[in-house]
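A.B. asks: Both chains are sitting in their own frames, so use the hints and assemble them into the complex.
Chains as they are written, first to last, in the UniProt record's numbering: chain A, 1 to 228; chain B, 1 to 553.
Some hints could be false.
With a straight-line cut-off of 30 Å between C-alpha atoms, the simulated DSSO-like cross-links for lysine-lysine are [to be verified]:
(1) B/K313 / B/K112
(2) B/K118 / B/K129
(3) A/K91 / B/K157
(4) A/K132 / B/K151
(5) B/K483 / B/K204
(6) A/K132 / B/K157
(7) B/K438 / B/K354
(8) B/K387 / B/K313
(9) B/K438 / B/K387
Facing chain B, from chain A, some residues (calculated, C-beta under 8 Å) [as the list claims (entries may be wrong)]:
(10) H5
(11) V12
(12) Y17
(13) I20
(14) T23
(15) V127
(16) Q185
(17) S192
Here are the in silico distance ranges between beta carbons for each label pair [what the hints assert, rightly or not]:
(18) A/I79 / B/N154: 16 to 24 Å
(19) B/R79 / A/L214: 51 to 59 Å
(20) B/V515 / A/I79: 42 to 50 Å
(21) B/A44 / A/V127: 13 to 21 Å
(22) B/N189 / A/V127: 16 to 24 Å
(23) B/Y473 / A/F117: 35 to 43 Å
(24) A/V127 / B/E115: 33 to 41 Å
(25) A/A54 / B/R79: 46 to 54 Å
(26) B/W114 / A/F117: 50 to 58 Å
(27) A/Y157 / B/K151: 46 to 54 Å
(28) B/E115 / A/L204: 50 to 58 Å
(29) B/I172 / A/L167: 25 to 33 Å
(30) A/F117 / B/L533: 49 to 57 Å
(31) B/K151 / A/S30: 33 to 41 Å
By construction, these hints were calculated from the structure, which means they are not laboratory data.
We put the beta carbon where it would ideally sit given N, CA and C, even for glycine.
Chain by chain, the residues run as shown.
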Amino acid sequence: MTFFHFINCVAVSYVPYVLIYRTSGLQEYSVFWKCVQAGAAYLFTQLCKMLVLATFFPVYDSSSSFDFVGELMKCTIDIADLVGLHLVMTKLVAKGQMKFLVAGLGWAGAELLVTRFIPLWVGARGVEFDWKYMQMSFESNINLIHNVIVATLVWLYSRYYLHKALLPLVVGFLFLSVYRPIVIQILIQCFSLGSWSLLLSKALFTLSIGLITLEIYLTQSTESNSYH
Amino acid sequence: MFVHDAGAVIEMFKNSFPYSLIYFIPLLVIIAPTNPVSAAQEFAVYRMQHFDLQNTVYGSRGALVNVEARSIDARMLTRRCVLAKLAEVTAEKIRDMLTQNAAGIMIILPAKLWEMGKEDQDHLLNLEKELMSEEISMPIYFTTTTEEIEKIYNDVKVAVNSDQSPSAAEAIIKSASANGYQIVINGANVRAMNDYQLTNIHAKLTGNGVEEQLPTIALVAHYDSTGIAPGLAKGADSNASGVIALLEIARLFSKLYSSSRTHAKLNIVFLLSSAGKFSYQGTKRWIEEQLESGENTLLQDVSVVLCIDSIGKGNAINMHVSKPPKEFSSAHAILNLLESVSAENGIQATMIHKKINLANEFLAWEHERFSIRRIPAVTLSAYETHKGSLRQSILDTRENVDVSVLSRNIRILAEVLGRYAYGLTPKNNTEIIRDSLKVDEELVSSWLSVLTNESRAAQILHHKHHLVHSLYYTLNKYLKDAKKTYIKADKRDPEFIFYDGHEYVVNIYSIKPAVFDLFLAVAIAGYLGALYLFLAVKFQHRIQDNAPYITKH
Chain A
1 MTFFHFINCV
11 AVSYVPYVLI
21 YRTSGLQEYS
31 VFWKCVQAGA
41 AYLFTQLCKM
51 LVLATFFPVY
61 DSSSSFDFVG
71 ELMKCTIDIA
81 DLVGLHLVMT
91 KLVAKGQMKF
101 LVAGLGWAGA
111 ELLVTRFIPL
121 WVGARGVEFD
131 WKYMQMSFES
141 NINLIHNVIV
151 ATLVWLYSRY
161 YLHKALLPLV
171 VGFLFLSVYR
181 PIVIQILIQC
191 FSLGSWSLLL
201 SKALFTLSIG
211 LITLEIYLTQ
221 STESNSYH
Chain B
1 MFVHDAGAVI
11 EMFKNSFPYS
21 LIYFIPLLVI
31 IAPTNPVSAA
41 QEFAVYRMQH
51 FDLQNTVYGS
61 RGALVNVEAR
71 SIDARMLTRR
81 CVLAKLAEVT
91 AEKIRDMLTQ
101 NAAGIMIILP
111 AKLWEMGKED
121 QDHLLNLEKE
131 LMSEEISMPI
141 YFTTTTEEIE
151 KIYNDVKVAV
161 NSDQSPSAAE
171 AIIKSASANG
181 YQIVINGANV
191 RAMNDYQLTN
201 IHAKLTGNGV
211 EEQLPTIALV
221 AHYDSTGIAP
231 GLAKGADSNA
241 SGVIALLEIA
251 RLFSKLYSSS
261 RTHAKLNIVF
271 LLSSAGKFSY
281 QGTKRWIEEQ
291 LESGENTLLQ
301 DVSVVLCIDS
311 IGKGNAINMH
321 VSKPPKEFSS
331 AHAILNLLES
341 VSAENGIQAT
351 MIHKKINLAN
361 EFLAWEHERF
371 SIRRIPAVTL
381 SAYETHKGSL
391 RQSILDTREN
401 VDVSVLSRNI
411 RILAEVLGRY
421 AYGLTPKNNT
431 EIIRDSLKVD
441 EELVSSWLSV
451 LTNESRAAQI
461 LHHKHHLVHS
471 LYYTLNKYLK
481 DAKKTYIKAD
491 KRDPEFIFYD
501 GHEYVVNIYS
511 IKPAVFDLFL
521 AVAIAGYLGA
531 LYLFLAVKFQ
541 HRIQDNAPYI
551 TKH
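Only chain B is shown next, with the shape it has when bound in the complex (with noise of 0.2 Å):
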């Protein structure tokens, strides 16, 4: 009966297809409601490191994540994400997870990283360190804490506690009355950025005299960031203080040698480096640059190069080497002058000597770049030890850096800058960075403002960013002809590869399990199964009662 009415229906829209189209499905558009809302929650997801450096792999290779989510104490994670508080994780935790094949995990950082108790922060620098250690097939995400976030949390870990009900039946119910959360991670898969290009910025103030025949000194600051997310790594004290210091010292210097009467017979060469975290790649390339570039050279007849790395707090200068400088090189007048003028401003100055460990991918300070190619170079910085550092932390924000004791070490090291220039010898106390020299407080805060602002990670750094661009801007228009110079790694034998998927987007979705479904299969089945025997004993009793209500016309 039912298939002969439907068949009526056929048979008119075969008739008047076309206008029977024409008819209905506008009306079917408009009349449908639009959108229905999916209220999914949307958060933006930090992913691991994930990079080569001379062909070894490093940090976490996976991206895409599309199963349910689990609290870190939960028995099986096997294809299951999961949800974690940064004081949870630990390294034997993610090994852990590796065995059982869990699909991935997302760590949950505090709103503010700074303001966590040293034993947290010791443990996310531990964690970092042992993170980075190893290849990692498992996508690693961070991500801040919101109260969302810290809602679902919640959740996922009450779901699992119902795991651990005394009945069967309490657990089936349990879990049929749980929510679970999908969480999902769509899009692109991470792939490697081939013709990724760095940018290496130098520039020259150029002495008093026959240029060829001067002494040269050589300034030079990377400024990148790392962290275990290369999408947080803020990089204040490492390196952004270094680029302030770099900067404001060649502000000073472009205004003391543009008067002839204070024109020192001092060639000055300035670097911002990139990939200074991967190994100082940026350093690496642009000495080979200038080594092979012949006669005209930059690094020709440089007498000491000075690296500037985390400065921003602390009371010491220390002033690494790896070798001790002989005496009356110039190396050895720096460290002379550093000392002399840190015990001015009341603060320590010592020469702490390391070699080189060529065995390390990651050589442990910058001028061991430099001390590799035999040109004698020291680092400057606060820390003591390249090891255990924030150096390569995501710990390093803008918090992390005293702005007073920055402008303090940046107006120390263009004193010792300006006594070497000039040829004064430690006795000879004159203050030269003064009065309309002085280093302008202000400016150091707002250039840490703008470059803690955003990650600086090198895989982010591109040669058309805008940071990259108005580091450049500022240099040259101190010092009139700075260079940008580009670095790409090399087709066949690549010294590094950087993957993009810096950031992604998380959809976490609210679900039920399976046997929910069924449940309510049943249920329904019942709703319907007692309507249909409440229509049918109702009508068959209209039926009987109204004899001529079923007389057919």
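Bound conformation, chain A alone (with noise of 0.2 Å):
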């Protein structure tokens, strides 16, 4: 397609991230340089998730059947995402109720700059159409309410004040949001869904647990101000 198609793709994925920076408060605290760093923060978690997945889990052969066992494998090791963002905002965001926004947002935007722009650049320039592109847009904003929504979780996991009620809650969210790509997988083998429902159902299963996350938040955050 066009130059003016790859500016369409871009739009829907980077505008979200700027409007969320900048309408949620963020600016007033000058937190740029700390989104930043969230986001170096996440290129290194990367690095070393690759480089314990290049040395433990063999490539195996890309036969058609669907490898549950070592997709389970892998997604145990996006639990050190977990780790990272926690790291982030322990050590990172000194303070501030919105550290998990800043670390959500830094996270997420790191990811999608390296994992979008260039197949944006690619392919949304190239000759061909194809919707993918656009519907990869569209899955960054779903990426960025799931990194907030991680951070969030994370957060409130590591509460003292937590409710013993809701600690269950949280670390199954955790779980889930953490085997998330298997959910999909298991979504694509038994319904079949094709592309655009695949990408709603991800959208409603991101939008669901976030609704959840933000009435435990704000049931939390009422009762403590304070993070140590």
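C.D. replies: Shown next, in the form of structure tokens:
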């Protein structure tokens, strides 16, 4: 397609980040630098994950059948992301309740930059038209919400005042978000979803977890405002 | 604010520039998912003929295409490439496209050409003839149909019909939602192959006695094929059948001549000539070479030249001559033998007389090249006339030839030649080609498969081509001293110029019209606007709600 199409895709994938940054009040705190640091932490975490994957997980022949155990192991490595996010929130972003927002935004922003920009640059500008670049852009919006939610969940998990009854819920959600790729794979396998319905189900999945997490967060943050 | 923040990042890069690069670039390379697969369709397409003969340009000169596809019914074809099925294409349509300045046409041929009905075959033959009669600047491509092409073709067809919507708004919506296709044929532009070499292969079977005093007979068959697209020209009947006949006769007579009891008092010269479809350029140059070489020539005292062309089907063998043979001449004797042997096999043999038309750039039959130089020559063919036949068509595929008919005809020719060699008269019908000397039908069939497996257009059969080599090898195996002679067009005044680019790869990309991008941009603006409003309201609410939240620490 044309350069115009590329601009369209970039607008869909990047503008929501800017909007959140500007409207959420992060701008007033001048935490841009912190976001960049969170992004750098993301890159470092990915590097560590890849080293582990390359060392301990041999590449199986990409046969047609869906290798459940292999995928499960790979997703387990994604727990490193949670550790990374936690470290970002405790070490890098010193103060403020919005640290999960800063960490989530920086994390998602770095992911967007390294996993979306080159495919868009190569693909969306190519001659061939394909909806997948538009879908990829929308998916990056979903990923933004997803990353902010994960950051919130990690933050909630480390609260000492977190209500005991809510802990299993938070841990369950953390697991769900870590094993999200597997859930998606199973969805594709079972219902043979098309690319649009898959995108929609991802959005619904993320939004429903997001709403519940937001509810937990609101109830908790009214109880205490400090982070030790 | 934002700018200020960005300044901090730039500052960081400035301070630790080389180190940050070491950190970031490999990460970018590693993490970014590679190879966003391009869903483009790829097909092989065959370009139309393109050559110069005696300074006249024939065929289509263009090659490269990079435009949108249209169906042949579309009203506007300017700078568009037409995707059409063979049945829809007519010479008038192509002329109309030329005046409209269309970028090219891709003609979809049915998968099995030989299974087309008689009418469709005639249509193709006519189209081939009409397209070849003039010089065309637009690229013309041929391709065989597949499922994917069929789908693209249907999509293109539907998109055109949406042009004729009742209202303008409907037309815009339809055109925005329609699937377009971009046809891209890239590569080097077509170049003349200036140093292209053609190969004649000849060999001689020497008779019993003093070689110079014996009569000589020559067997000639051109081995190239032609058709509207060189890449698709299989040329089974014309002239794989002639080549096989020549090889088979060479095999049989090499056996006969190997024994002193059956060694006839006759020299036989075999010639496989190239570029026969280009007014017999190979034969022409071979005759010139032989006549100029002085004393020791193969054409010395040649009593008759027998050219073989298209004997793979039908129930007749015709002997084409430029001048009726005189009584007691060798040609006359051959004709008499042919008539009697054919009658024994239950088919007809007739002599057809046609004067050479020197005004025509293309000679009708191969023997005319010899007749022009006053060498007695005839052409043996199943066809009654040189016009309107499959001899210059891509329809001449293996299915066009009946192996049993071809074998029978080869046996008749070999028998005629044998009786002539031993001086038998038509009354004396002793069978010569029999028992261990039988024509091997299996060999004929496998040769036919080999020769029609790929295109044998003269532009493709260069002097190092494996088919040229295997023909030479086979003739050499039977006759020992086969020779190759190479022909190049004259540098200053070339008789023929061939061009490369017979086969291209076309990429067909699915695309959307420019209007679609505009629609998409509006929709995206709406989405982002809504998002902004939602976020603004949401966070405003939170900020007012939660006082400590905005307290700076």
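A.B. asks: Flag every earlier hint the structure violates by its number, smallest first.
C.D. replies: 3, 7, 9, 12, 16, 17, 18, 23, 29, 30, 31
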